[in-house]
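There are 10 protein chains.
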Amino acid sequence: MVYVVEMDVHIPETWSEEKLADITAKEKECSQKWQSSGKWKHLWRVAGRFSNISVLEVDSPEELHQIISSLPLFPYMNIKVTSICKHPNAIRQTLL
Amino acid sequence: MVYVVEMDVHIPETWSEEKLADITAKEKECSQKWQSSGKWKHLWRVAGRFSNISVLEVDSPEELHQIISSLPLFPYMNIKVTSICKHPNAIRQTLL
Amino acid sequence: MVYVVEMDVHIPETWSEEKLADITAKEKECSQKWQSSGKWKHLWRVAGRFSNISVLEVDSPEELHQIISSLPLFPYMNIKVTSICKHPNAIRQTLL
Amino acid sequence: MVYVVEMDVHIPETWSEEKLADITAKEKECSQKWQSSGKWKHLWRVAGRFSNISVLEVDSPEELHQIISSLPLFPYMNIKVTSICKHPNAIRQTLL
Amino acid sequence: MVYVVEMDVHIPETWSEEKLADITAKEKECSQKWQSSGKWKHLWRVAGRFSNISVLEVDSPEELHQIISSLPLFPYMNIKVTSICKHPNAIRQTLL
Amino acid sequence: MVYVVEMDVHIPETWSEEKLADITAKEKECSQKWQSSGKWKHLWRVAGRFSNISVLEVDSPEELHQIISSLPLFPYMNIKVTSICKHPNAIRQTLL
Amino acid sequence: MVYVVEMDVHIPETWSEEKLADITAKEKECSQKWQSSGKWKHLWRVAGRFSNISVLEVDSPEELHQIISSLPLFPYMNIKVTSICKHPNAIRQTLL
Amino acid sequence: MVYVVEMDVHIPETWSEEKLADITAKEKECSQKWQSSGKWKHLWRVAGRFSNISVLEVDSPEELHQIISSLPLFPYMNIKVTSICKHPNAIRQTLL
Amino acid sequence: MVYVVEMDVHIPETWSEEKLADITAKEKECSQKWQSSGKWKHLWRVAGRFSNISVLEVDSPEELHQIISSLPLFPYMNIKVTSICKHPNAIRQTLL
Amino acid sequence: MVYVVEMDVHIPETWSEEKLADITAKEKECSQKWQSSGKWKHLWRVAGRFSNISVLEVDSPEELHQIISSLPLFPYMNIKVTSICKHPNAIRQTLL
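Taken in sequence, the protein lines are chains W, F, G, H, B, L, C, X, P and S.
Those letters in the first sequence? Residues 52 to 147, by the numbering used here.
Those letters in the second sequence? Residues 52 to 147, by the numbering used here.
Those letters in the third sequence? Residues 52 to 147, by the numbering used here.
Those letters in the fourth sequence? Residues 52 to 147, by the numbering used here.
Those letters in the fifth sequence? Residues 52 to 147, by the numbering used here.
Those letters in the sixth sequence? Residues 52 to 147, by the numbering used here.
Those letters in the seventh sequence? Residues 52 to 147, by the numbering used here.
Those letters in the eighth sequence? Residues 52 to 147, by the numbering used here.
Those letters in the ninth sequence? Residues 52 to 147, by the numbering used here.
Those letters in the tenth sequence? Residues 52 to 147, by the numbering used here.
With the rest of the complex left out, here is chain W:
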């Protein structure tokens, strides 16, 4: 099953530059681990905003939550989750 997830990041104002750099590095490592696993299919930057739009193919809603909630910035993001399926007008036989 495939989800489109939009994440808006809100960096806490009290974080030091060191803490921000540290968490940003861990965030990168974490998201790349999931991309490498083949679950996190697309990670796109929204041009001009501290946001991303992602496409994930997972085995279950539980797995989607496991991936997203493992991100160090998870508690500081505003997240919109959309469950998608095949459109009757789509000419592709698969979603991805």
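These are computed hints drawn from the structure, not numbers from a lab.
Owing to the predicted nature of the structure, the values given are computational and were not obtained by experimental measurement.
Check before you lean on any hint, since a few could be wrong.
[Unchecked claim] DSS-like cross-link-like pairs, simulated, lysine-lysine; straight-line CA separation at most 30 Å: (1) W:K137 <-> W:K84; (2) C:K70 <-> P:K137; (3) L:K90 <-> B:K131.
[Unchecked claim] Derived, one-sided and incomplete: chain F residues facing chain S with beta-carbon distance under 10 Å: (4) Y54; (5) S111; (6) L115; (7) C136; (8) K137.
[As the list claims (entries may be wrong)] Only part of the chain F face toward chain X is listed, based on derived beta-carbon distances under 10 Å: (9) H61; (10) P63; (11) E64; (12) H116.
Each residue gets a CB set at the ideal place from its N, CA and C atoms; glycine is no exception.
Given the coordinates of chain W, assemble chains F, G, H, B, L, C, X, P and S onto it according to the supplied hints.
Leaving out everything else, chains F, G, H, B, L, C, X, P and S in the frame of chain W:
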């Protein structure tokens, strides 16, 4: 350049079933023409809603508008357009 | 997989009482067919509003869309879809 | 009487990891006490978000408030409360 | 149990003056029947708006829905329902 | 003149438990003083939320502001003020 | 007592030009009657929008509602009502 | 003085294709007259939406309203008006 | 030219009482300076909220910004600016 | 390609005046560098608000993001990005 476009359809209440069927057929034909052209990369149904999330790769903002505004339901959709680019944490070298 | 779906109905003002009665009857028949199938687990009325909150257990997002979009009032509802999963604090072993 | 309650958690940015772990543990203990009492019927995680959707069966609005406001994270949650009742199209004779 | 209900009326533009006068008269009759029954405790006009704020004391959520949905303008109102209970700082021993 | 006022409390995350307890006690004392004066007619808890709905009968908008702004939590509340008057369909001759 | 009222007009699409012209003329006559009475102190056009911001000084909330609801376009306007009073920093001794 | 104006068009569903074509032609004529006058500096299409962002330099708010309200689609547009001025960080000495 | 400006104040939670008292005093001094200058025509308190509605008559948008941004609480206010002009139905020949 | 970008600044309440002055100076330097490069065509202050509306002409969405995200206040701004193109009614042959 790549855009993510979310379209929510609001069917006019005064349309007859014939008119709705006719426009729906033209909508399908139109969207499939653009998918076949290779510009409209993904057309996903939002599960449970009269909405789609689409991914288009176009040469210019003008071309994006040409495609979306050619849809017969264009005047009756609420549309959100997001311009995307490569995310620094993405492991794929290309957007699509 | 389980979804919580909230549907707000907006009755078209140009419908005659006959048309409204006819579609309401078909809506009832349709929703009861899906409840009888075991897919539509809960159908709750929001007290004081022309809305319902429903819980559906389906095999795929496609099936969720098939069910919701088969409702005669589907084009006239504002629909919010939420994909749910097991909560770490839940003491029940199953969602339903 | 039955309520559907949606809770979005906003973790204060100034909390230490120890404080967060401590309050999270107390939150779990508190919510499980109410689940064991039979009042808190369902506790579902919203997939991909720091939110839950819950279903509670209580004797009164006072009791609903007693339960929700006893949660340690209560002051830091955005909460939507919906009072539900039997839907005329429902085939089940009871809400739960 | 007591509810505060805010109702915003949206008069359909296609109604004739006769139809509007007829439904308005029936709306008055209906709301006064419920007020006389002692269930609909307060019916207040929001100054300057086509809206009311009402306070109802009912035996169940089902009864609240029965009352509100019996109003002829029910399908054309935007309705907000709030379930209330005793406030710890209140000096009155009863809600009404 | 009568106002319906809805107040949503947002407790500052940096307050110690002592400060919160202290201000909560002062809040109670302040609101009860105004209730005893006969100006603050109803103080209802919104079930499941850190909010109240209140009904105040005052001599002027100035007096309403004097009362609400004297609450210690005033700067930390999101407040909605509604001026109400007699509804043409109301059977009671007075608002309260 | 003084209110600031913002009114956004939504012209029904099914009105003929004659009906629109007729109601617009009556709207003008009605609003000018109230301005001449001295109750409707200011009537300002929002530049670039089909909206006005008005300032009314009335004897009661009932009188405010009597004035606003007498406008022929009243059912087709989205209206925001704000009750105002003297600001502690104001150097004028009166509101108007 | 300079304004940025965003206009979202909502085509009435009951208009015939002839009426829509007629009003669209008049809309074009009207907007081009104002562009030729030098008042309407920029008229940009929002890519993928039935919206425009415009920049107008006018002598007064009255003139802005005269221009925008002369558009045949004025009653059917949702309009956002922003008054702009020189930014302290701008290196250009003029706004346009 | 005349603007209606609505300002909602959000007091930072980390400010000491001394800092708040100091800035409040400077805010009063600043707003009274502009009122005395004749530019800031009306300063009204929104009854029951930490907000004001103001009317300013200025020579340019630059001057409006100079005045509003000189307020010490400027960075902590949510501000809505509306440019107004003469309404065709107004019987007064001037805005103020 | 051309974007219209609206940026609303939210100054962190815990910043000292020195830090704010330092970052404001760097913000100015950064934005002026991009203006001098010819990419950042317009930088307009929204009159009365801590916001700007900007117009940028860039080679790609990536370049837009590079510019906007290089601003020191980037993590503390709420940003709206709009991709624009030629309007069919525009008489200018170019966007800028």
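So, going through the hints one by one against the coordinates:
Only pairs whose Cα atoms come within 30 Å are accepted, and K137 of chain W paired with K84 of chain W is accepted, the gap being roughly 27 Å. Restraint check for K70 of chain C and K137 of chain P: the C-alpha separation of about 25 Å stays at or below 30 Å, so the hint holds. For a cut-off of 30 Å, the pair hint linking K90 of chain L to K131 of chain B stands: about 26 Å separates their Cα positions. Here the hint on Y54 of chain F is kept, as its CB sits about 7 Å from the closest CB of chain S, short of 10 Å.
Hint status for S111 of chain F relative to chain S: holds, with the closest Cβ pair at about 7 Å, below 10 Å. Because the beta carbon of L115 of chain F sits about 7 Å from the nearest beta carbon in chain S, less than 10 Å, this interface hint is met. For C136 of chain F, the shortest C-beta to C-beta distance to chain S is roughly 4 Å, which falls under 10 Å, so the interface hint holds. The restraint placing K137 of chain F at the interface with chain S holds, with a minimum CB-CB distance near 6 Å, inside the 10 Å limit.
Proximity of H61 of chain F to chain X holds as hinted, the smallest CB-CB distance being about 9 Å (cut-off 10 Å). Annotation: P63 of chain F was flagged as interfacial toward chain X, and the flag holds, the nearest CB pair being 3 Å apart, inside 10 Å. For E64 of chain F, the interface hint holds, since its Cβ comes within 10 Å of a Cβ in chain X; the closest pair sits about 7 Å apart. The restraint placing H116 of chain F at the interface with chain X holds, with a minimum CB-CB distance near 5 Å, inside the 10 Å limit.
The structure fails none of the hints (numbered hints given earlier).
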